[in-house]
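S.K.: What follows is each chain in one-letter form.
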Amino acid sequence: MAGNCLPAVDLTGSGRPVFLPNEIECSLLSSVDLVCEDDSFGSFPHLKSGLLILTTHRLLWIPDASVTTGITSGSSIPLGAITHIFSSKKSLKSIFASPRVRFQLSLSSDGRVVVSGPVSRSVVVTIVMRGKGDCDVFLAKFWENWRARVWETESVPSSSSISSSALSTNSGGLYSSDGLVRMVGVSGILRKEQEMWESTDKSLQEAFQDMNALMSKAKEMVMLAEKMRQKLLSGPNSQSDKTSDEMGSKEEMQDWFLSVGIVSPVTKESAGALYHQQLSRQLADFVRIPLDRAGGVINLIDIYCLFNRARGTELISPDDLLQACSLWEKFDVPIMLRKFDSGVMVIQNKTHSDEEVFAKIKILVTKPDALQAGISASDAAMTLGIAPAMAKEHLLTAESKGLLCRDISPDGFRFYINLFPEIDRDDMYL
Amino acid sequence: MQKLGDFKVPQFFNYPPYFTLQPVRETREKQIQLWKDLILDYCRTQKIFVIGLEEEFPLFSNPVIERSLSHEAREAFLSALVSEGRAEWMDKGHRKCLILWHRIQDWADIILGFVKDNGLEDSVMTVEEIRSGTECRGTELQGMDRTILMRALKLLEQKGKLAIFKGTSADDEGVKFSI
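Chains as they are written, first to last, in my numbering: chain W, 1 to 430; chain A, 1 to 179.
One chain only, chain W, in its complex shape:
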């Protein structure tokens, strides 16, 4: 195998690519080949039948979903290394063949992709779309992203000057004047706002110049928040002698920053037919942190709220969430959807075992006062550190296993350790 001229892109545990900061995915196509026509060095990898993701920064090629098990990286082509996109020729031949898009890629002398620097030669790469998907729409987005050159504005520190941001405002679409890309949360809303006024009346632009200033500030704020979050996440290792009060407020801060959002939410618009599959993978990545915090099991409704909050403006329906969860069975993800007998649905770690929970419950119900008065769902919720509804599900499961039994009285619904098997008819009067 010859050397790979394309930079690798890491994949998350569920098979989603790891995006660059501010990188947004715009279009997805399945069953795509990447073929290099004049690869004399043999450095262009063999990329057959994979998933192609167009983002604001790169073209990402990921091996087919059905064989991703064990594969932790895909290939990427920075849009910056593309020197030309050929317009597709309409010919009789092209009607019968798979749709193709061709582009020119610069390589350095050692056969690697160059974004900036000396270009020794260039090759022509063809995207062969053998699956379903609209070739023209893809090509249009490809053009749009390539011309927007977001990666360039990114590397320049965004000095918030009105003059620079007011220079060009005609790019439209995904990009705002200062190269600020789609973001969720505050900036996402601001972006929508901006798109609206751009399309309605150009003459209003001057009146809205303050808006641009605010937006570049908003971007700074998001960057600041992200930076602080990183700092807080790495904080506890270096300073372990914090007081509990400080730790508490720190956790609160982390909560705040965690909800800053998913930078590139999977949308129906970008993913098309692959929507549920990609959503499922993104959800699998997202769920991990709240799941750990909740102790391995979390209510589906809670996840629905958290996930949509993180997505900000691109909300999903409960149905989509359920579909995304049920697709996990097909992927190699460490989480699963579980339905309790009562119909309550939860997401849990595959490694999560009921035995552990039962052991905790057993300790709880054998405490002296619990032997006397039993425990309620809220008692269990406090000890297990989970929601009362969740705790009740665990208690009911423990009951069905014969560990507990119930007591319904005017005082409420309580659980006791199940002593029935131990009561012996012969020493009833002991």
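Worth flagging that the hints you see were computed from the coordinates, not collected in a lab.
C-beta: ideal position from N, C-alpha, C; glycine also.
There could be a bad hint or two in this list.
[Said to hold, decoys possible] Using C-beta positions, here's what the derived DEER-type ranges look like:
{"hint": "1", "chain 1": "W", "residue 1": "D319", "chain 2": "A", "residue 2": "P23", "range": "29 to 39 Å"}
{"hint": "2", "chain 1": "W", "residue 1": "S326", "chain 2": "A", "residue 2": "V64", "range": "46 to 56 Å"}
{"hint": "3", "chain 1": "A", "residue 1": "W89", "chain 2": "W", "residue 2": "K401", "range": "34 to 44 Å"}
{"hint": "4", "chain 1": "A", "residue 1": "F7", "chain 2": "W", "residue 2": "P421", "range": "23 to 33 Å"}
{"hint": "5", "chain 1": "A", "residue 1": "P63", "chain 2": "W", "residue 2": "D319", "range": "52 to 62 Å"}
[Stated by the list, open to error] Quick partial rundown of chain A residues pointing at chain W, CB under 8 Å, derived from the structure:
{"hint": "6", "residue": "Y15"}
{"hint": "7", "residue": "P16"}
{"hint": "8", "residue": "P17"}
{"hint": "9", "residue": "Q22"}
{"hint": "10", "residue": "V82"}
{"hint": "11", "residue": "E84"}
Keeping the supplied structure of chain W fixed, place chain A upon it in accordance with the hints.
M.R.: Quick look at chain A alone, frame taken from chain W:
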């Protein structure tokens, strides 16, 4: 030891789940078994033959832990006794239940034993005498339920051990033993 009258209740009588009908099958089976034994035990020592489901019944509530059986639970436990032949519903609405801590056959045997012990093999007695006469004092027959007594006597009549005939007064019947 907690007591209901002179009846010593078992330890688990103070176990609150004992008073809630358990939904899990295995637990419920054990619970029903314990209740069946306790009901028969209590009725035997207290000489109780009929339990009315809608009436107060000391065994069905425990003021110490403030628990009492629901109507559903009472019916479930008594039904379990009925299915074992240790009780019978006295009406279709399941409001009254006849408790047979001895089966009818056992009661018949007790009557035979009583007749033999007292040398009454060929005598004539009224039905009332069997359950309240001087001979039956100190035996299990004393004060026994008339319905159950009649059922036992009829069983013996079928076996030819005795003959039942109308007595002088309308509400009493005579028994002629012929063992």
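S.K.: Under the constraints set out in the numbered hints, which ones does this structure not fulfil?
M.R.: Of the numbered hints given earlier, those the structure breaks are 10 and 11, listed in rising order.
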